[in-house]
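Engineer: Given the coordinates of chain A, work out where chain B should sit on it, guided by the hints.
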Amino acid sequence: MYELMVIGGGPAGMAASVYAARKQLKTLLVSGDTGGQINTTLGIENYLGYQFIEGPELISKFETQVGQFPIDQKIGYKVKQLKRIEGGFEAITEAGDKYQSKAVVLATGKKPRKLNVPGETELTGRGVSYCAICDGPVFTGQKVAVVGGGNSALEAVLDLVKIAEHVNLISLTPLTGDQVLSNQLKDAKNLTVFLEHQTAAIKGQELVEGIVIEDIKSGKEKELEVGGIFIEIGLVPNSDAVKGLVELNKWGEVTVTPRNETSVPGLYAAGDVTDVPEKQIIVAAGEGAKAALQAHRYLQRLTT
Amino acid sequence: MADKKVTVYSTPTCPYCKRAKDYLTQKGIPFTDYNVGEDKEKAEEMIQKSKQMGVPVIVVDDDVIVGFNQAKLDSLLA
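Residue numbers (my numbering), protein chains in the order written: chain A, 1 to 304; chain B, 1 to 78.
Think of the hints as simulated: they come from the structure by calculation, not from any bench. Mixed in with the good hints, there may be bad ones.
No farther apart than 16 Å at their CA atoms in a straight line, the calculated lysine to aspartate or glutamate pairs in the EDC-like style are these [claimed, not checked]:
#1 A/26 <-> A/54
#2 A/143 <-> A/159
#3 A/78 <-> A/240
#4 A/203 <-> A/225
#5 B/51 <-> A/223
#6 B/51 <-> B/38
#7 A/243 <-> A/253
#8 A/143 <-> A/209
#9 B/40 <-> A/165
#10 B/27 <-> B/74
#11 B/72 <-> B/62
#12 B/21 <-> A/94
#13 A/279 <-> A/253
#14 A/203 <-> A/122
#15 A/74 <-> A/94
#16 B/51 <-> A/206
#17 A/61 <-> B/22
#18 B/49 <-> A/165
#19 A/203 <-> A/214
#20 A/98 <-> A/72
#21 A/143 <-> A/223
#22 B/21 <-> A/57
#23 B/5 <-> B/61
#24 B/51 <-> A/97
#25 A/102 <-> A/206
#26 A/78 <-> A/90
#27 A/162 <-> B/62
#28 A/78 <-> A/97
#29 A/102 <-> A/3
#30 A/74 <-> B/74
Note that the structure is a prediction, hence the values are computed from the model and not measured.
One chain only, chain A, in its complex shape (with noise of 0.2 Å):
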């Protein structure tokens, strides 16, 4: 049995596992990926050390920083339930494998959200795309949509408005993003904005053919020519594998104390995953580090 099982291999995961690492605990750091979100984010500005740094080039330095002290790693393991076992507890991950920690820190991070519309979870990957500042490239000279109203929607229009046909805006509400980002898109020509719309469905065969949406006002329906679609619209914690076990707010996140513990002695849960307050890498670095530290006094507690 580990000492300390990290769940989660973004920046709060892999400080909790440098932490975890200096206090000479057994650990294991388990996790789908490496890197989390960082994985969709192409440069950071305020990561303290760095003035510009691409985001696979911290991930790197990450890993890199993590490999060098001797703790265990299954990356490319999704754990997929943690529960609570004699003396402390046991992940599950999809593939089937178990691993057994006196104490654990949960740092999972959030993913984007869907919009649950039908035809979305058919046409992911075949027209239907969640980072746009990956896949957008790929439809250049295309018409396409954009889901969202906030930050990450603006931003996306901005990339899209200079290599697609057209762009087509989709909000549920007013454009809630900085302002100046709304006022860049004024300059837009092949950008069309339908405000107070919602999402009925996505259209097509193999690929993404149109977007079928709604005036929420008026109840009219109107279907859209596209062939690509970017959602846009904030992200979910990946709270699934402790429902049931540990307390979530309505969000789903995992309520913690400032010293980051959770409803369950043992389990301490850091980064984007929790109700903190602010999801920003530093931060969770930050939170995963104070996770480690207290996993650590805890299992002192269980020697003494």
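Structural biologist: For chain B alone, coordinates are given in the frame of chain A:
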């Protein structure tokens, strides 16, 4: 052992693409990289081979990997 033919379909802005290419470079594996944002023909080829439109797509001989899946990439390169 004959070298495997590795092809990467990517976009210049996609962080996962960069991670995948950095990983191959680090392992000393030569590969051909196509920018599917500019090369329409190769974009079509990628969609045909992978039956989807997300990047990166990595083709090792005849095997197609969608996304940067390090575990799968390692097993195909082994």
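Engineer: Would you mind marking each hint as holding or not holding in the structure?
Structural biologist: Hints versus structure:
1. A/26 <-> A/54: Violated - the C-alpha atoms of residue 54 of chain A and residue 26 of chain A are around 32 Å apart, more than 16 Å.
2. A/143 <-> A/159: Given pair residue 143 of chain A, residue 159 of chain A holds - Cα atoms ~14 Å apart, limit 16 Å.
3. A/78 <-> A/240: It holds: about 12 Å lies between the C-alpha atoms, which stays within 16 Å.
4. A/203 <-> A/225: Holds. Residue 203 of chain A to residue 225 of chain A sits at ~9 Å (cutoff 16 Å).
5. B/51 <-> A/223: violated (24 Å)
6. B/51 <-> B/38: Violated: residue 51 of chain B and residue 38 of chain B sit about 19 Å apart, past 16 Å.
7. A/243 <-> A/253: Within the cut-off at roughly 10 Å; holds.
8. A/143 <-> A/209: Judged against 16 Å, a Cα distance of about 10 Å means the pair holds.
9. B/40 <-> A/165: This hinted pair holds, its Cα atoms lying about 14 Å apart.
10. B/27 <-> B/74: With a Cα-Cα distance of about 10 Å, the restraint between residue 27 of chain B and residue 74 of chain B holds, given a limit of 16 Å.
11. B/72 <-> B/62: With a Cα-Cα distance of about 14 Å, the restraint between residue 72 of chain B and residue 62 of chain B holds, given a limit of 16 Å.
12. B/21 <-> A/94: Between residue 21 of chain B and residue 94 of chain A the Cα gap is close to 27 Å, so the pair fails against 16 Å, i.e. violated.
13. A/279 <-> A/253: Measuring from Cα to Cα gives roughly 12 Å; hence the hint holds.
14. A/203 <-> A/122: holds (10 Å)
15. A/74 <-> A/94: Holds, at about 13 Å.
16. B/51 <-> A/206: holds (8 Å)
17. A/61 <-> B/22: Judged against 16 Å, a Cα distance of about 13 Å means the pair holds.
18. B/49 <-> A/165: Answer violated: residue 49 of chain B to residue 165 of chain A is near 25 Å, above 16 Å.
19. A/203 <-> A/214: holds (14 Å)
20. A/98 <-> A/72: With a Cα-Cα distance of about 14 Å, the restraint between residue 98 of chain A and residue 72 of chain A holds, given a limit of 16 Å.
21. A/143 <-> A/223: Status holds; Cα separation ~13 Å.
22. B/21 <-> A/57: Holds, at roughly 12 Å.
23. B/5 <-> B/61: holds (5 Å)
24. B/51 <-> A/97: violated (30 Å)
25. A/102 <-> A/206: Since the Cα atoms of residue 102 of chain A and residue 206 of chain A sit roughly 48 Å apart, the hinted pair is violated (cutoff 16 Å).
26. A/78 <-> A/90: Given that 16 Å is the threshold and the Cα spacing comes to 13 Å, the pair holds.
27. A/162 <-> B/62: violated (35 Å)
28. A/78 <-> A/97: Roughly 10 Å between the alpha carbons, so the hint for residue 78 of chain A and residue 97 of chain A holds.
29. A/102 <-> A/3: Holds - the C-alpha atoms of residue 3 of chain A and residue 102 of chain A are around 5 Å apart, at most 16 Å.
30. A/74 <-> B/74: holds (14 Å)
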